[in-house]
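With these hints in hand, go ahead and build the complete structure from the sequences.
Quick mapping for you: the protein sequence lines, in order, are chains A and B. If you're matching positions, the first sequence starts at 3 in our numbering and goes up one per residue. If you're matching positions, the second sequence starts at 26 in our numbering and goes up one per residue.
Simulated from the structure, these hints should not be mistaken for laboratory data. Incorrect hints may have been included.
[Claimed, not checked] Using 27 Å as the maximum straight-line C-alpha spacing, the simulated DSSO-like pairs for lysine-lysine come out as follows:
#: 1; chain 1: B; residue 1: LYS155; chain 2: A; residue 2: LYS429
#: 2; chain 1: B; residue 1: LYS176; chain 2: A; residue 2: LYS409
#: 3; chain 1: A; residue 1: LYS409; chain 2: B; residue 2: LYS121
#: 4; chain 1: B; residue 1: LYS207; chain 2: A; residue 2: LYS430
[What the hints assert, rightly or not] Just so you have them, the derived chain B footprint on chain A, three or more residues with Cβ under 8 Å:
#: 5; segment: 388-397
#: 6; segment: 400-411
Yeah, the Cβ is synthetic: ideal placement off N, Cα and C, and Gly gets one too.
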Amino acid sequence: MIVTETTSYQEQFERFEQELGTEKPQWLRDLQRRGLDRFRELGFPTTKLEDWRFTNVKSLTQQNFVTPLTQRVPGQLRDAGDLAAQALLDDNFHRLVFINGQYAAEFSRIGELAAGVQLTHLGGLLRSEPQSLGDQLGRQACFDDAALTALNTALFQDGVVINVADGVQMETPIHLVFITDRDEQAVASFPRNLIKLGKGSNIQVLETHVGSPGATYFTNSVMEIELDEAAELDHYKLQSDSIAAHHIALTYVNQRGTSTYRNHYFAFGGALSRNEIACMLDGEQVETVLNGLYMISGNQLADCRTRIDHAKPNCESHELYKGILDNHARGVFNGRIHVHPDAQKTDAKQSNQALLLSDDAVIDTKPELEIYADDVRCTHGATIGELDDTALFYLRSRGIPEPLAHKMLIFAFANDVVQGAKIEALKKYLEAVLLADHGLPPV
Amino acid sequence: MLEITDLHARAEDTEILRGINLTVKAGEVHAIMGPNGSGKSTLAHVLAGREDYEVTQGKVTYEGHDLLELDIEERAALGLFMAYQYPVEIPGISNKYFLKAAINAIRKYKEQPLIKTSEFLELLKSNLAKLGMDKSMMERSVNEGFSGGEKKRNEILQMAMLQPKLAVLDETDSGLDIDALKIVADGVNALRGPDRAFIVVTHYQRLLDYIVPDFVHVLAGGRIVRSGDKSLATQLEAEGYAFLEPAGTSV
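Here it is in structure tokens:
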């Protein structure tokens, strides 16, 4: 236990307790207290822990990050308005904006919802229906061994709540925009998000994370997702945080039979980012797709971790993660696939590819396959890519100069993941970002 | 337009071209035929600038330039085009983007203004129609998931868009059914003109029924062993390459 590191968070917790405690239902106060206690016991992870060997979070302990107790009024905001406007992809999407961890109604717009869709923010719901989430909150996000999940549990104030009834097909995507607006002190925010889809329902969720340019801040986000039978969720996450930000996110997914979960992760920002997705395939014929693209340079570190638990037979999982690393950037990929004894006929594919554009860039990649069933197909591959010579020749033989051909192939490497997105506005946006990043002319 | 003199080239330790001599003038269509392993494709690749082959001897002059001294992209910018036997798939770059990038790269080299989007789309539309290609193919990644025939058509589309002076077609007929072959040949014939020349590399005479050559050369053992007019192709079709055997040059 490293007391000094956790003290400032404990103080914040006590401050919250004092100011807001009486507004909260007892079950929530108990849960948050347990989160705090566990966080204090565990402390911030150190590189001595296998799961944190390559990701040093010391920088988080050397500075105080403060959670604003109440939301500032719009007049006091600095960059939030601009950031909200930049994050906008399509005006028709349902949009919930959170600033420094709290719902910002003035930037949000929830359109007409079909019957059976609950789309709201956690802080509001806990006030209006204090007993409603007692059996949902914390059900997936177990914090016994996860210090950052414990910390989020102790300090979350807000986030999104999406509950969709059986059979509802929602066509309009839900856009969640998490903004960190700079303040006198470095801001910490702890979004807590809940998504629950009923049988055969179907939605698309897009998560954007942005912050004041150059600002140092800490986002510690937890999302809990439950998919009932045959439900389908397309989950996109765009992490464009400030270059000095710390972003640690954990997504817990529980999938019942024949459900489909597709996660597309795009990471460009953050001094330190860590995105962890844990999927429990708790039914037969489940499909899980985890795709990721991270593009980092300077001294950025991007840590991508996936854990897939094949608990039942006849499920499929596909993973494709690609990284482009320049300068002194450091990438970490850890893909754990656990095939339980019951899970015969599992089909699990995992691929991790990295392009290192500089001799000083580093990627640590670690596939971990634990297979306890005998009739399964599991493949994994990790490549430290070089550009394809035949493709380079092909482009050059059409008159494209070598430096441009190089850039086009790097773009192509990344764009391959972007093309997996089904939201057209997001695809166009990402394509434009990639082209501009590589100094290529727009489409 | 093109003058090849005593060209020798090898891949790793194997000498493949052993003294090629060939002169191609503007407006001409030359067919290069020959058995497998005779060096046909190597010749095409050496002209395009493939670095896997090392030129050990000889000279190639193209439009007054020492071709072998030019970069791959410079050759293309100066109007040399190769249609590949095995076009490369490039996932992540759309056909449309690729074509526009190529056109603009060549224009930039020639210090011409970049193509206007409307002009580009117009040109693309008319060429797609000529080749019987659906415009949806332009949104797809370069050659990715294309059938053999679609890939070949895509090569001819690129040729039509780039309007080269000298086009080298490497086994463009392989893997094509007769309908696709006709479309590809029509595409080539539409580009024939007094300022443009073609080198058509093929194993079979079939293609030459549709793209009628002015000259036919037979390549064997890394040399041109026989040259003639289009009747040579017909003779080869009837007799096969067996008549070359006594010369003992085949590899």
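Consistency of the hints with the structure:
{"no.": "1", "hint": "LYS155/B <-> LYS429/A", "verdict": "violated (31 Å)"}
{"no.": "2", "hint": "LYS176/B <-> LYS409/A", "verdict": "holds (24 Å)"}
{"no.": "3", "hint": "LYS409/A <-> LYS121/B", "verdict": "holds (17 Å)"}
{"no.": "4", "hint": "LYS207/B <-> LYS430/A", "verdict": "violated (38 Å)"}
{"no.": "5", "hint": "388-397", "verdict": "holds (count 6)"}
{"no.": "6", "hint": "400-411", "verdict": "holds (count 9)"}
Violation of the numbered hints given earlier is confined to hints 1, 4; the remaining hints are satisfied by the structure.
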